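4 protein chains.
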Amino acid sequence: MNDAAFAPVDAAIRAALDKQGFMKLVGAKVDALAPGRAVMSLERRSEVLQQHGFFHGGVIAFLVDNATTVAAGTLADREAGQGVLTAEYKLNFTSPAKGERIVCEAQVLRPGKRMSVVEAKVFSHEKGQAKLCAVALATIAMVEAPALI
Amino acid sequence: MNDAAFAPVDAAIRAALDKQGFMKLVGAKVDALAPGRAVMSLERRSEVLQQHGFFHGGVIAFLVDNATTVAAGTLADREAGQGVLTAEYKLNFTSPAKGERIVCEAQVLRPGKRMSVVEAKVFSHEKGQAKLCAVALATIAMVEAPALI
Amino acid sequence: MNDAAFAPVDAAIRAALDKQGFMKLVGAKVDALAPGRAVMSLERRSEVLQQHGFFHGGVIAFLVDNATTVAAGTLADREAGQGVLTAEYKLNFTSPAKGERIVCEAQVLRPGKRMSVVEAKVFSHEKGQAKLCAVALATIAMVEAPALI
Amino acid sequence: MNDAAFAPVDAAIRAALDKQGFMKLVGAKVDALAPGRAVMSLERRSEVLQQHGFFHGGVIAFLVDNATTVAAGTLADREAGQGVLTAEYKLNFTSPAKGERIVCEAQVLRPGKRMSVVEAKVFSHEKGQAKLCAVALATIAMVEAPALI
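Chains as they are written, first to last, in my numbering: chain W, 1 to 149; chain U, 150 to 298; chain A, 299 to 447; chain H, 448 to 596.
Source of the hints: derived by calculation from the structure; they are not laboratory data.
Quantities reported herein were computed from a predicted structural model and do not represent experimental measurements.
No residue lacks a Cβ here, since even glycine has one placed at the ideal position from N, Cα and C.
Just to be clear, a hint being listed does not mean it is correct.
Claimed, not checked - Chain U is faced by these chain H residues, among others (derived, beta-carbon under 8 Å):
1) A534
2) E535
3) K537
4) R561
5) M562
6) T586
7) A588
As the list claims (entries may be wrong) - Restricting the straight-line Cα-Cα distance to at most 25 Å, the calculated cross-link-like pairs of lysine to any residue (SDA-like) are:
8) K578(H) - D77(W)
9) K411(A) - E144(W)
10) K113(W) - A443(A)
11) K127(W) - G559(H)
12) K560(H) - S95(W)
13) K471(H) - E341(A)
14) K247(U) - A15(W)
15) K19(W) - R194(U)
Stated by the list, open to error - Okay, the calculated bits of chain A under chain U, using three or more residues with CB under 8 Å as the criterion:
16) 385-399
17) 405-417
18) 427-441
Work out the full structure: start from the sequences and follow the hints.
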């Protein structure tokens with residue numbers, strides 16, 4: 001898919017995300033979308049932390065949830081009315097997220113007609129260095145429904 | 150552990166949760182704590198939904214993250230300075246969470262000295278009926294550190 | 299589904315399992331099948347152990363793989379040509395499986411038209427006592443294909 | 448760790464695997480060991496297949512189980528008596544394993560003192576081409592015990 005072909009997909013996904021009350025509440029941003037790929041990030045502020053000053057695990061899970069679903073959604077057959085639905089994911093925390101910003105990079109490993117398998121890595125950025133703080137593996141259902149993302 | 154013995158554990162966990170900026174932002178409540186068990190809930194409001202009016206998957210993951218960790222934390226050896234840390238979890242979404250309230254019930258399946266295995270079920274409550282909307286399986290590390298929960 | 303209606307399903311699944319070379323090699327048995335449920339077991343012998351005399355984790359995973367898929371398969375719409383395919387599972391080991399026999403009980407938590415969510419618990423039986431040695435959560439795809447199980 | 452330092456680790460792990468009855472029954476081979484890495488493979492034969500002639504999912508899970516645990520085991524502090532124990536893993540099947548051989552490559556993503564996070568990819572080799580047939584994410588406990596692997 002070339003850039004021109006992807007532009008309306010990009011716009012449709014951003015419009016759907018803009019309607020997510022929780023996306024606004026958390027304050028996450030879409031950094032990049034491409035076929036099979038989504039990058040989202042979140043700046044540090046007290047409302048997204050846990051009691052020791054690290055990004056809350058639930059915030060990290062939210063980024064993983066959205067980024068993996070969106071990454072699969074970039075490959076949905078929109079003309080055929082296909083949308084995506086998060087079936088499940090598994091998330092390992094590898095180090096405390098104590099940076100100024102966290103970035104979640106989701107990449108489709110295997111696109112499918114019925115379901116897609118997506119990997120996500122979350123990095124904590126601190127003083128110009130990125131450290132892996134979580135890694136995830138997700139299954140996204142490709143459904144015959146008005147595009148969910 | 151009898152009720153009197155559990156009272157200070159209950160208080161310590163609630164105090165730790167009160168210091169979570171993200172717990173406040175999301176607006177989740179602790180419904181019940183008991184040895185090996187934690188129940189948390191969240192009322193419907195637009196800020197915790199996705200674009201189709203269902204509770205956001207990331208909100209459900211947040212409840213699972215906190216409730217499973219807390220359930221393991223109720224069994225930490227606090228006198229020995231033991232705390233808990235979320236190692237990983239896996240979450241399956243079983244139906245759209247479209248109710249007025251979601252409730253996450255976490256139960257330790259196998260308490261451990263080094264790690265505990267915890268199950269969580271999330272129910273969407275609608276018109277007096279509870280429907281399973283997610284199920285999860287978590288591994289919580291029991292660590293030698295100032296109690297994290 | 300009553301017993302008479304389930305009889306041909308039971309027979310079809312057992313026939314499919316009889317054609318699995320690996321089922322024979324491992325020596326696992328089907329203890330029970332019912333709508334949404336499958337129980338399989340394996341007797342202790344040196345060929346299915348690891349180096350410390352416990353049942354090998356890979357043997358436990360095999361039982362989980364087969365029992366969860368079969369549990370979902372009991373609910374497939376066979377007249378419509380529906381079969382099942384293992385999409386993914388997650389498995390926690392909760393204690394060493396050192397008994398004389400292991401038994402895997404799989405139960406569908408949420409049957410679906412497109413995918414089913416199945417839970418499995420594996421017990422190690424020793425001197426008349428059953429101890430939980432593993433717990434799993436699986437996603438089984440319900441596919442339009444000559445019944446795979 | 449240089450090659451000379453790794454040689455006794457390599458030998459100890461191969462010796463432990465040689466004592467696994469199930470490793471022999473399945474017929475898997477160790478292709479490569481290195482610090483943080485393990486590669487295992489299995490040739491096609493009828494005893495390791497399911498009823499449609501593909502490698503059985505349980506066989507793939509066995510390779511994932513062993514390779515991820517061994518990959519973490521290469522980094523255990525053997526002089527301090529540290530060993531490894533599989534805590535949990537999650538496994539997604541991405542395509543039918545219909546090749547002549549399957550190869551599981553496990554790589555430690557985050558080594559830890561208490562637990563390590565390991566990724567595994569399983570490829571089906573057919574006519575000189577390798578196709579991803581499964582991907583997995585595992586948590587391996589680093590334990591104070593006579594080295595388990």
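We went through each hint and held it up to the structure:
no., hint, result
1, A534, "6 Å, holds"
2, E535, "6 Å, holds"
3, K537, "6 Å, holds"
4, R561, "6 Å, holds"
5, M562, "6 Å, holds"
6, T586, "6 Å, holds"
7, A588, "6 Å, holds"
8, K578(H) - D77(W), "24 Å, holds"
9, K411(A) - E144(W), "12 Å, holds"
10, K113(W) - A443(A), "14 Å, holds"
11, K127(W) - G559(H), "23 Å, holds"
12, K560(H) - S95(W), "12 Å, holds"
13, K471(H) - E341(A), "18 Å, holds"
14, K247(U) - A15(W), "21 Å, holds"
15, K19(W) - R194(U), "14 Å, holds"
16, 385-399, "holds (count 4)"
17, 405-417, "holds (count 4)"
18, 427-441, "holds (count 5)"
Comparing the model with each earlier hint shows no violations; every hint is respected.
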